[in-house]
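S.K.: Required output: the full structure, derived from the provided sequences and hints.
Protein chains in written order, with numbering that gives the first Met the number 0: chain A, 0 to 236; chain B, 0 to 165.
Any given hint could turn out to be false.
Cross-link-like lysine-lysine pairs, in silico, DSS-like; alpha carbons within 30 Å at most [claimed, not checked]:
1) B:Lys28 - A:Lys90
2) B:Lys108 - B:Lys118
3) A:Lys134 - B:Lys111
4) A:Lys192 - A:Lys218
From the derived model, a few chain B residues whose C-beta atoms are all more than 10 Å from chain A [claimed, not checked]:
5) Pro1
6) Glu42
7) His51
8) Gln54
9) Ser73
10) Glu110
11) Lys114
12) Asp117
13) Pro122
14) Ala123
15) Lys128
16) Gln130
17) Pro138
18) Gly139
Derived by calculation from the structure, the hints in this document are not laboratory data.
Heads up, the beta-carbon is just placed ideally off N, CA and C, and yes, glycines get one too.
Take a look at the letters that make up each chain.
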Amino acid sequence: MADDVTKKQKKLAGNTLFTHFIMFGSSGSRVLNVINISYLQSRSKRVWVRKPLGSPMAKSKIFRITPKPALPEDEKAEIKRLFDNYKNSMKSIRQYFFEQSLKQAESGEVAQTKHRLEDQEHEQLVEENRLENEKTAMLREEKLKIQAEKTQQNVLASLIKKEGEAKLHEIQIEAFLTKQMCTPFIQAENIEKAIEDALANPVNFNFALDLDGYIYRGKDTSIDTIPEEKRERLSRN
Amino acid sequence: MPFMKGPAPIRRTIEYLDRNKLVLKDRVKIFSINYNTKGDNHEGARQFVFWHLPQLQFKNPNVQITTFKNLTPSPFIQCYLENGEEVLMDVDFKSKDEIYERVRRIICKSEKTLKAEDKLDNPANFGSKCQKHCICEVPGQLPCPSLVPLPKSWRGKYKFQKPDEL
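M.R.: The structure is reproduced here in structure tokens:
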């Protein structure tokens, strides 16, 4: 089997070296590539990089139970303690050096000038911003003034309207009251006279209507007794 | 493929979020904007928040950006800087584009700075986000030591080897 492999190797020339393993055995024929490719030429020795992935376990190894190296608990704890201490110290030292290096970068000449320029620029821009703010404030004042005037005018107009409406209302009330006053109310003094008048002039509400539009008052009036010309025409009041 | 949900979902696409120049300066830590939901003088601020605030946060993931609604009669933007300074920008009656330009001018990094910091553009930078991954790719430079090993006198492990200590 080694001969097959070396034959394949000798075939390939140049810097890159591939090794193809052709396994004849219980698994049957399989062609498998090697994972790691070495770029250095090795003419003498056959390089065994690793066992091909699909190949079965060797007969001498199938029932092997590897002895697990079991450390006692206290040793493990001690190792862990030492390891943790070391790691913490190294990490903190590294972090400290990193921060120092950053500070160094900040404090160098170039960095200083850069910072100064940036600050100057920033001040300039802040100043510009302030001016813009002032402009906006003035604009806002004007707009608010205009708005205030408008609302003032609106309010005034509505007040005037209300006043006008109130006046109209008053006039209407006056008219109504005068109308009411005109109607003959019966006061305490007129009551006896009113009673006598009412008794003297009884009002008869009975009437009948004709299809032609004539009205015949009274309950017992006979229609035939009234001549044609004297009939009352039902008017629209 | 169906439409994306919500009003103007283009605001949620990576391309939209990436394509803007609102990279705040390093000294800005908090960016807050006050505006009302009603009122003509707040319209610009509202539009700015709707269109450009996601872009701003995308480009500045470490800056706190907050909005305050219906607290004050006029809208404004306030930026809190590292040294305690506050930059106040009055945006009353301003349009969204005016606000955008103002923010860019006053507290964002300028084009020059962005270009200088841009790793992709500068051929002097090497790495994953740059034009070339390593200087060994440049013709005329040393070939990659993984292909052609360096001479032993250049390698630290041989230079600083102390044979008596081994």
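S.K.: Now, for every hint given, state plainly whether the structure supports it.
M.R.: We went through each hint and held it up to the structure:
{"no.": "1", "hint": "B:Lys28 - A:Lys90", "verdict": "29 Å, holds"}
{"no.": "2", "hint": "B:Lys108 - B:Lys118", "verdict": "16 Å, holds"}
{"no.": "3", "hint": "A:Lys134 - B:Lys111", "verdict": "29 Å, holds"}
{"no.": "4", "hint": "A:Lys192 - A:Lys218", "verdict": "27 Å, holds"}
{"no.": "5", "hint": "Pro1", "verdict": "44 Å, holds"}
{"no.": "6", "hint": "Glu42", "verdict": "14 Å, holds"}
{"no.": "7", "hint": "His51", "verdict": "18 Å, holds"}
{"no.": "8", "hint": "Gln54", "verdict": "21 Å, holds"}
{"no.": "9", "hint": "Ser73", "verdict": "6 Å, violated"}
{"no.": "10", "hint": "Glu110", "verdict": "13 Å, holds"}
{"no.": "11", "hint": "Lys114", "verdict": "15 Å, holds"}
{"no.": "12", "hint": "Asp117", "verdict": "17 Å, holds"}
{"no.": "13", "hint": "Pro122", "verdict": "21 Å, holds"}
{"no.": "14", "hint": "Ala123", "verdict": "16 Å, holds"}
{"no.": "15", "hint": "Lys128", "verdict": "21 Å, holds"}
{"no.": "16", "hint": "Gln130", "verdict": "25 Å, holds"}
{"no.": "17", "hint": "Pro138", "verdict": "19 Å, holds"}
{"no.": "18", "hint": "Gly139", "verdict": "21 Å, holds"}
Violated hints amount to a single one, hint 9; each of the other numbered hints is respected by the structure.
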